[in-house]
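Between the sequences and the hints, there should be enough to build the whole structure, so can you do that?
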Amino acid sequence: MINLDRFWAGEKGYFDELVRTYGPVVQSVAEVYGRDTDHADNLYQEIWTRLFQKRRHYSEEGRFVAWIRRVAINVCVEDFRAQKVRSKGMARLEALGETGIACGGDEDPLAKVEKEEKRLVLHRAFDHLPPRQMEVIKKRYLEGQNSKEIAETMGIAPATVRSLARKAIARLRKIVKGFSQ
Amino acid sequence: MKCPDIDRLTDFVKRGAGRDPELDGHLQCCQRCQEETALIEQLFDLARNPVKEVPDALNQQALDRIQVARQAEEPSVLDQVPVRQLVAAGVLGFLTAFLAMATSGSAGSSGPAVVLGFPLILGSAAVVLRIRASHSPDFE
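As they're listed, the protein sequences go chains A and B.
Using the numbering used here, the first residue of the first sequence is number 5, and each one after it goes up by one.
Using the numbering used here, the first residue of the second sequence is number 8, and each one after it goes up by one.
In the DSS-like style, the derived pairs of lysine-lysine whose C-alpha atoms are separated by at most 25 Å in a straight line are:
hint, chain 1, residue 1, chain 2, residue 2
1, A, Lys-152, A, Lys-171
2, A, Lys-16, A, Lys-58
3, B, Lys-59, A, Lys-119
4, A, Lys-181, B, Lys-59
5, A, Lys-116, B, Lys-59
6, A, Lys-178, B, Lys-21
7, B, Lys-59, A, Lys-178
8, B, Lys-21, A, Lys-122
These aren't lab readings, by the way, just hints derived from the structure by calculation.
In structure tokens:
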């Protein structure tokens, strides 16, 4: 959850946290639209500057990540317009229909960004799990162990592993659902 | 069919639809299991494509740019003075200058126009600038 008072105030410590938490979302947009690494890095910084400058335009009504994405795409569109250079970034913007030019390209950049966003939300949701649930989920789904193996490692019964996994899935589902509303 | 245990649901996601017809049928009418299956799919996707953390150096560069923007937002000394105080100071200054000249008897020479006009123009400009600053949009 975003602390609006701290966000609107532009508090330094709070922005440090936000940059580290939401950096991957901003970076996914910058990478999609950047011509090369240097350009993407520059866009990344420009997007954060704009997010800071526009912070009072954000209200709790919308999803924070969606707002970040919107601002980020706007920065990229403006960057493209300012440079007037036909490039990889332009082709991708065309695919999005952001420039009003006919669509093209083999990959939907917006879908890529949204996918990255979902991954990030789930990744961050792990932090809200109790330690044992988090351990079970990481071992089961990220490391590919089965319930029996996890039970042996953790010194608990396989039924307990299944129960912890179920609770963790339910909790993650709630967090992710809450986030996307 | 009752909701399956998490292992069966996980195996279903791993193997893909069509291998467990009973579960296929259950998923069509159970929203909870549908959502859990979707989440398990996302977890496997996360395992295949982990979130790429942004390098610290790049984050620091972004924070430095934010700091520059923060400093640019800080109000000037003039902005911190309330409009009423500025107006009062201007009026008092004007009256003081006028009274000083009237009592010294030099109101007829060319000096008073400069002496009175100069602070008046400066005071007015300060007030106008202050009002404009207070009415400008926050950020853009």
